[in-house]
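Undergrad: Residues per chain are reported as follows:
2 protein chains.
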Amino acid sequence: MIEHLESINKAFESKVRLGIMSVLMVNDEIDFNSLKELLGVTDGNLASHIRALESLEYVVVKKQFVGRKPKTTFTRTEKGEKAFQEHLQALESFLKNNMSME
Amino acid sequence: MIEHLESINKAFESKVRLGIMSVLMVNDEIDFNSLKELLGVTDGNLASHIRALESLEYVVVKKQFVGRKPKTTFTRTEKGEKAFQEHLQALESFLKNNMSME
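Going line by line, the protein sequences match chains E and A.
For the first sequence, the numbering used here assigns the number 25 to the initial residue and increments by one for each residue that follows.
For the second sequence, the numbering used here assigns the number 25 to the initial residue and increments by one for each residue that follows.
Bear in mind the hints are in silico, worked out from the structure with no lab data behind them.
Think of the CB as a built atom: it goes at the ideal place given N, C-alpha and C, for glycine as much as any other residue.
Do not rely on the hints blindly, as some may be mistaken.
As the list claims (entries may be wrong) - Pairs of lysine to aspartate or glutamate, EDC-like flavour, derived with a Cα cap of 16 Å: (1) E:K34 x E:E81; (2) E:K60 x A:E30; (3) E:K120 x A:E110; (4) A:K95 x A:E116; (5) E:K34 x A:E37; (6) A:K106 x A:D67; (7) A:K60 x E:E30; (8) E:K103 x E:D52.
What the hints assert, rightly or not - Stretches of chain E that chain A covers, calculated by requiring three or more beta carbons in the stretch to come under 8 Å of a beta carbon on chain A: (9) 41-48; (10) 68-79.
The following block holds chain E by itself, in its conformation from the complex (with noise of 0.2 Å):
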């Protein structure tokens, strides 16, 4: 693989991860609606990009009720953390390669 793309975490090539990402490394805990409308996308779009970082140890899922309503809220985990930050520097990093080709 070619300089810098090799770091790059295919858990957060799509943009809606980044979005969750970027949202929740500003907000320690952020409920499923608030988030939804942020990004504006749909519940099954949100959902199954939850599961997937959830599974990858990113994000944690809490589930609660609020007197007798279901609240769902997200955190970041450490290692999505630090995972995040990483595919952060691989992008600036083939950022910098490729924007100095123009």
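Using the hints, position chain A against chain E.
TA: Only chain A this time, still in chain E's reference frame:
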């Protein structure tokens, strides 16, 4: 969708496609085997990503014979070049926003 993510081009989400376009930006033409080796991918994987980029008119596939041997080469189109540059700029903006959060 949160700022800067909108302009990220789904066609370039895969790092194999980032690699293909990156190589085609600096090589006016490259043959199948050289590109495959540069990217460290399988025949099938490269072929499927090339087909996707070809159907978007980002890449042109040329098949010719060199003596009796078939040779497949690729070039970027103007449309592909423009789309890739816009994608890089979108990534750059996304990174700037996220790096400053650390």
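Undergrad: Now tell me if each hint is right for this structure.
TA: For each hint, the structure was consulted:
{"no.": "1", "hint": "E:K34 x E:E81", "verdict": "holds, 14 Å"}
{"no.": "2", "hint": "E:K60 x A:E30", "verdict": "holds, 15 Å"}
{"no.": "3", "hint": "E:K120 x A:E110", "verdict": "holds, 15 Å"}
{"no.": "4", "hint": "A:K95 x A:E116", "verdict": "violated, 36 Å"}
{"no.": "5", "hint": "E:K34 x A:E37", "verdict": "holds, 9 Å"}
{"no.": "6", "hint": "A:K106 x A:D67", "verdict": "violated, 27 Å"}
{"no.": "7", "hint": "A:K60 x E:E30", "verdict": "holds, 15 Å"}
{"no.": "8", "hint": "E:K103 x E:D52", "verdict": "holds, 14 Å"}
{"no.": "9", "hint": "41-48", "verdict": "holds (count 4)"}
{"no.": "10", "hint": "68-79", "verdict": "violated (count 0)"}
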